[in-house]
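I would like the entire structure built from these sequences, with the hints used as guidance.
Line by line, the protein sequences give chains A and B.
Per the working numbering, residue 1 is the first one in the first sequence, and the count goes up by one each step.
Per the working numbering, residue 412 is the first one in the second sequence, and the count goes up by one each step.
Note that these hints are calculated values from the structure, not bench results.
As the structure is a computational prediction, the values presented were derived from the model and not from experiment.
A hint or two may mislead.
Unchecked claim - 30 Å max Cα-Cα, derived BS3-like pairs, lysine-lysine:
1. LYS333(A) x LYS753(B)
2. LYS561(B) x LYS287(A)
3. LYS228(A) x LYS753(B)
4. LYS747(B) x LYS221(A)
5. LYS336(A) x LYS747(B)
6. LYS340(A) x LYS632(B)
7. LYS556(B) x LYS321(A)
Said to hold, decoys possible - Computed spacing ranges between beta-carbons, pair by pair:
8. GLY275(A) x LEU785(B): 47 to 57 Å
9. GLU404(A) x ASN757(B): 25 to 35 Å
10. GLU422(B) x LYS15(A): 37 to 47 Å
We put the beta carbon where it would ideally sit given N, CA and C, even for glycine.
2 protein chains.
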Amino acid sequence: MLDKKYLLPDEALRKVVEKLKFRSLPAEIVPLEASYDRVTHEDIISPEDLPGFIRSTVDGFAVKASDTFGARESSPAYLNLKGDIPMGAAPSFSLSRGEVASIATGGMLPEGADAVVMIEHVNVISAELIEVLKAVSPWENVIFKDEDIKKGDIVIRAGYRLKPQDVGALAGLGITEVRVSKKPIVSIILTGDEIVPPTEKILPGQVRDVNSFTLAGLVQKTGGIPLKMGIIRDVYEEIKASVQKAYEKSDIVLITGGTSAGFKDMTAKIIEELGSPGVLFHGVSMKPGKPIIGGVCGDKPVFGLPGHPVAVYICFELFVKPVIEHMLGLERKEVKRTIKAKMARNIHSQAGREDFIRVALEQKDGQLWAVPLLSKSGLIMSLVRADGILHIPPELLGFQEGDEVLVQIID
Amino acid sequence: MLDKKYLLPDEALRKVVEKLKFRSLPAEIVPLEASYDRVTHEDIISPEDLPGFIRSTVDGFAVKASDTFGARESSPAYLNLKGDIPMGAAPSFSLSRGEVASIATGGMLPEGADAVVMIEHVNVISAELIEVLKAVSPWENVIFKDEDIKKGDIVIRAGYRLKPQDVGALAGLGITEVRVSKKPIVSIILTGDEIVPPTEKILPGQVRDVNSFTLAGLVQKTGGIPLKMGIIRDVYEEIKASVQKAYEKSDIVLITGGTSAGFKDMTAKIIEELGSPGVLFHGVSMKPGKPIIGGVCGDKPVFGLPGHPVAVYICFELFVKPVIEHMLGLERKEVKRTIKAKMARNIHSQAGREDFIRVALEQKDGQLWAVPLLSKSGLIMSLVRADGILHIPPELLGFQEGDEVLVQIID
Chain A
1 MLDKKYLLPD EALRKVVEKL KFRSLPAEIV PLEASYDRVT HEDIISPEDL
51 PGFIRSTVDG FAVKASDTFG ARESSPAYLN LKGDIPMGAA PSFSLSRGEV
101 ASIATGGMLP EGADAVVMIE HVNVISAELI EVLKAVSPWE NVIFKDEDIK
151 KGDIVIRAGY RLKPQDVGAL AGLGITEVRV SKKPIVSIIL TGDEIVPPTE
201 KILPGQVRDV NSFTLAGLVQ KTGGIPLKMG IIRDVYEEIK ASVQKAYEKS
251 DIVLITGGTS AGFKDMTAKI IEELGSPGVL FHGVSMKPGK PIIGGVCGDK
301 PVFGLPGHPV AVYICFELFV KPVIEHMLGL ERKEVKRTIK AKMARNIHSQ
351 AGREDFIRVA LEQKDGQLWA VPLLSKSGLI MSLVRADGIL HIPPELLGFQ
401 EGDEVLVQII D
Chain B
412 MLDKKYLLPD EALRKVVEKL KFRSLPAEIV PLEASYDRVT HEDIISPEDL
462 PGFIRSTVDG FAVKASDTFG ARESSPAYLN LKGDIPMGAA PSFSLSRGEV
512 ASIATGGMLP EGADAVVMIE HVNVISAELI EVLKAVSPWE NVIFKDEDIK
562 KGDIVIRAGY RLKPQDVGAL AGLGITEVRV SKKPIVSIIL TGDEIVPPTE
612 KILPGQVRDV NSFTLAGLVQ KTGGIPLKMG IIRDVYEEIK ASVQKAYEKS
662 DIVLITGGTS AGFKDMTAKI IEELGSPGVL FHGVSMKPGK PIIGGVCGDK
712 PVFGLPGHPV AVYICFELFV KPVIEHMLGL ERKEVKRTIK AKMARNIHSQ
762 AGREDFIRVA LEQKDGQLWA VPLLSKSGLI MSLVRADGIL HIPPELLGFQ
812 EGDEVLVQII D
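See the structure below:
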């Protein structure tokens, strides 16, 4: 078969995404402690100035900066120690000209002070007197009351996946609940008379379920909730009933197996019957994963994934993951981890097709080499052994031994 | 202060790691469904051959390859169709010379067959006769019974963090439980009279807890279980009691605040009293994070982290994360995500010190620019706004505008 009649992966993905609303999942409110890795559903606005008062950034003495002008080791400024500023409370006194107060990092400056001299630049002479060995400028070693963030400013934009430090910043602002996009429920249907669950002994001709375990993990990692629908026999009515049930219970439906042009191709028909617009593409110019079916029924994406474990992985990364991210309203896409390596041997591809080659990375002669794992795509161990994926774009016919390539790290 | 008396971060980390056993956390058995992202505690051995039988990799016809030798479009081989091979069961018949059987992808080859002709290269003449238009070699389009993995081979080595596709492979082998390293419990103690929880209204001079939220998220992400010990006042006895309790309940103790050389430095003393060898370093030649304290008491690492949110983040990445990974027995370290950019302006560093500069990444004139976020390290928003961290090694005095640099992506 010529690949010309098939779309490239990006074009095929676009057909699905065009039919979906951006940020189509509703919002829910979660406590701050549960907001890690969730995607913000709206801009988060600062309810207050942070830190809210003029704060010292060092341990030392709060001063009026002009009292220290000209001070140096050979000619210190002598100033009167008025008292200690306690942590966690407003100072109970203000400073007049010539007066200082000891202050710790994070302490609040008293009225009358406009800078802090570091403890390293001071000699304490007595309980009432210090000498300052180095001048400070006004506002040196302090943070202004709204220097971290101003009340009303955007702290974090909508469509952003919250990192630990973002959650920390929200805590600092007293924000204890966050509106985030609901996690999409992604149902996983396995089809195939030969498939048995891993808990069962297999008979000749049978194989165990690999794909629902791979897919469930990938769904979770992307921010969805996997919903396993079980293993369905290759009987049209049974698959149709399971897809119908999955469609009602979930936001995205994945059906594995039954997509190749062979004996038992029923998935496309079932997707077509499930709702309009139905099937948007059947087959993509890529390897592995070529027989993938993509569709949208009503407002829910439905994918028919090939049964080969490697193809399932590649199809998830290329189609299902971006669709989940689109529905979550994720604005900032993850930067892929890539690493440069040299090809350890020639690898051929077909023009007009995108190839995704599993490679192992090996150090030799002070150089990193990408060794293609040339195995049949039914082999599940090749994905375990692979360190990365090498993408061969459609305009190339492959790579030569020694070519420098960019390998996408599998993580 | 000269930085020469301080160790570099790597040297300091080594002092802690040397005192710890590798893979010091005990094992636990988890069901396969709960094994995602867990670290294997021992090599996992394959209990069987996979796939366990000779399997077709295509839809087509099982044949004896020699029956097809010489076949081509202009001169097909005519062969007798003996029957269909059902999926999920051993064929009920064997093939004799001149006989074929229809087979789907994943089907089991019958006795007597040694290859599969793809359906695209066959014309079905009648219910009993097909013509083969292309010869196949012996073992073409099949997987051998132990081609994926052999019984007794190592599936996954010890010290490996399980990815979704690894869990899938284990399912395929019928492995339903996995021995993994226990997750380390990491206790988090906040010290400081000025700190209040995010649920409380703050008074002048007070700030809210940022660090326990950042640290809890970072600990979870690294594979540990955070245990928040609350906010402790700057009173020696109270901090000591909390550290003692944390030490008993957890595998790693983190104490934030109270590490600078100023007024209230009690952390080092408390770590020293907690157990030998005690404090291993106090202060590291880095910025931010210089006042960090690292120690081991008995067999548990204890860190005194500075109170500044940015320093807390950098210290976690440089010290706590590698220590957690060491205790888990993680053999394969994560590849850091980096991206090349040009410096948007000059940035200076001190010789002999490692600097970690927060940068924003900006596209301009078809080029990615790293813009240093030059703010005081007390500012928590700079970490929210940063896209990455630029590391300035100790031998450099900084970078010039236009220099090409490698920025480590924050994720």
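Here is how each hint holds up against the structure:
1. A C-alpha spacing of about 21 Å is found between LYS333(A) and LYS753(B), which places the hinted pair at or below 30 Å, so the restraint holds.
2. Our distance criterion of 30 Å between C-alpha atoms is met by LYS561(B) and LYS287(A), whose separation comes to about 26 Å.
3. Restraint check for LYS228(A) and LYS753(B): the C-alpha separation of about 47 Å exceeds 30 Å, so the hint is violated.
4. For a cut-off of 30 Å, the pair hint linking LYS747(B) to LYS221(A) stands: about 18 Å separates their Cα positions.
5. Simply put, LYS336(A) and LYS747(B) have alpha-carbon atoms about 10 Å apart, close enough for the 30 Å limit, and the pair holds.
6. For the given pair, LYS340(A) sits about 26 Å from LYS632(B) by alpha-carbon distance, which is consistent with the 30 Å threshold.
7. Of the supplied pair hints, the one linking LYS556(B) and LYS321(A) is violated, its CA atoms being roughly 33 Å apart against a limit of 30 Å.
8. The supplied range of 47 to 57 Å is met by GLY275(A) and LEU785(B), whose beta-carbon atoms lie about 54 Å from each other.
9. Between GLU404(A) and ASN757(B) the beta carbon distance is about 31 Å. The supplied range of 25 to 35 Å therefore holds.
10. Roughly 55 Å separates the CB atoms of GLU422(B) and LYS15(A), a value that falls outside the hinted 37 to 47 Å.
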